[in-house]
Amino acid sequence: MRRALIVFAAVLGLTVGALDRAPAPTVSAQTAIGSVVVEGTGNGHGRGMSQWGAYGWAVDQNKDWRWILDHYYGNTALADVDTFGTIDVQLKALDGVATLGVVSYVNDVRWAGNVAASMTAIEVAPNQFQIYSVATQACPPPSGVPMGWTLLTAVPVAGPIEFTTGNGPVDANRMTTGAATSALGVCDPSGKVTHYRGSMRIEDGNRVVNRVLVEDYLRGVVPKEISASWADAGGGRGVHAVMAQAVAARSYALQPGRWANGICDTQSCQVYFGTASRASVGLAAIAVEDSRSDSAIAQTVGKVRVWTPGGQGAAGSIVSTEFSGSNGPR
Numbered sequence: 012m013r014r015a016l017i018v019f020a021a022v023l024g025l026t027v028g029a030l031d032r033a034p035a036p037t038v039s040a041q042t043a044i045g046s047v048v049v050e051g052t053g054n055g056h057g058r059g060m061s062q063w064g065a066y067g068w069a070v071d072q073n074k075d076w077r078w079i080l081d082h083y084y085g086n087t088a089l090a091d092v093d094t095f096g097t098i099d100v101q102l103k104a105l106d107g108v109a110t111l112g113v114v115s116y117v118n119d120v121r122w123a124g125n126v127a128a129s130m131t132a133i134e135v136a137p138n139q140f141q142i143y144s145v146a147t148q149a150c151p152p153p154s155g156v157p158m159g160w161t162l163l164t165a166v167p168v169a170g171p172i173e174f175t176t177g178n179g180p181v182d183a184n185r186m187t188t189g190a191a192t193s194a195l196g197v198c199d200p201s202g203k204v205t206h207y208r209g210s211m212r213i214e215d216g217n218r219v220v221n222r223v224l225v226e227d228y229l230r231g232v233v234p235k236e237i238s239a240s241w242a243d244a245g246g247g248r249g250v251h252a253v254m255a256q257a258v259a260a261r262s263y264a265l266q267p268g269r270w271a272n273g274i275c276d277t278q279s280c281q282v283y284f285g286t287a288s289r290a291s292v293g294l295a296a297i298a299v300e301d302s303r304s305d306s307a308i309a310q311t312v313g314k315v316r317v318w319t320p321g322g323q324g325a326a327g328s329i330v331s332t333e334f335s336g337s338n339g340p341r
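Following our numbering, the numbering of the sequence shown begins with 12 at its first residue and continues without gaps.
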């Protein structure tokens, strides 16, 4: 402790004796510290909407989702777009695979008139595939012919190979009504299974794509970009932050010209985890979709931000509505 006092005294320009025996001299105005300025930002790139800021505006300041979007995206306005169409989502973790295996827990994988519990496409030459099926829920081995599976193709067929399923009708909110686990499960080489609504295909160049309705896509984005539990905060006021996130995510995905070959599923685009996942074929599914974020998406169905005259883009065009955890100081 004595050593610490000596060091502290030296920093202040005092003597040890002054500390021990006499009051410290008055610090002159020239050496007094009036303030300390700290510059920095919170988590995220700091552009567009602050997700924590949206939460604060909704919960603490009782602002609605429209006000929040106006606040963060200047020179833009709300508009409606047709989201009955689909969006292509590249599954980056599967780039370069030569085998695509899909599983249906309602025994409904479909390809070229064939229906089975599980199917796989195996590339045997550039963009040439053999298709196999099996009557049980199973993932193929990472390489080689799966034992016990039935060959469906007498000769290899050219890609793309697309697997579909009957995933329920589309409701008024432009979402499919089937359960998350009725969606196709995609086999990862590690053995993990991830469920995705819509269809799955493997393309030339070993690129795996989920073709999915726009609003269904958002169901796998919004609860991964923020917590769906925010909707419960502040006696329910937090739902406006979730609704603002839904509009921002929709606009970001649909901004024309940004995605030449479809959007991707990582933070390089925006995070998308499908509907549910399993650690392996036989284990229980863990949901990704959440009824609270689903509701926020439905309440803003088809809503996007577009540029107004004087904005950075052509008036009426969809805005690339970036967002991050925080764009304020910490």
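Any given hint could turn out to be false.
Claimed, not checked - Straight-line distance between alpha carbons at most 20 Å, and here's what the computed EDC-like set of lysine to aspartate or glutamate pairs gives:
(1) Lys103 - Asp75
(2) Lys235 - Glu333
(3) Lys314 - Glu134
(4) Lys74 - Asp93
(5) Lys314 - Asp91
(6) Lys74 - Glu214
(7) Lys103 - Glu173
Stated by the list, open to error - Label-pair restraints from in silico Cβ distances:
(8) Trp78 - Ser337: 17 to 25 Å
(9) Gly321 - Val135: 27 to 35 Å
(10) Glu173 - Ala290: 46 to 54 Å
(11) Pro200 - Ser46: 22 to 30 Å
(12) Gly45 - His82: 30 to 38 Å
(13) His82 - Asp215: 20 to 28 Å
None of these hints come from the bench; they were simulated from the model.
Backbone N, C-alpha and C define an ideal beta-carbon position, used for all residues, glycine too.
Results of checking the hints against the structure:
1. Lys103 - Asp75: Violated, at about 35 Å.
2. Lys235 - Glu333: holds (15 Å)
3. Lys314 - Glu134: violated (40 Å)
4. Lys74 - Asp93: violated (27 Å)
5. Lys314 - Asp91: holds (5 Å)
6. Lys74 - Glu214: Violated - the C-alpha atoms of glutamate 214 and lysine 74 are around 45 Å apart, more than 20 Å.
7. Lys103 - Glu173: Since the Cα atoms of lysine 103 and glutamate 173 sit roughly 17 Å apart, the hinted pair holds (cutoff 20 Å).
8. Trp78 - Ser337: 17 to 25 Å: Holds - the Cβ-Cβ distance for tryptophan 78 and serine 337, about 19 Å, lies within 17 to 25 Å.
9. Gly321 - Val135: 27 to 35 Å: Violated: the Cβ-Cβ distance is about 56 Å, outside 27 to 35 Å.
10. Glu173 - Ala290: 46 to 54 Å: Violated, at about 27 Å.
11. Pro200 - Ser46: 22 to 30 Å: violated (56 Å)
12. Gly45 - His82: 30 to 38 Å: holds (33 Å)
13. His82 - Asp215: 20 to 28 Å: violated (45 Å)
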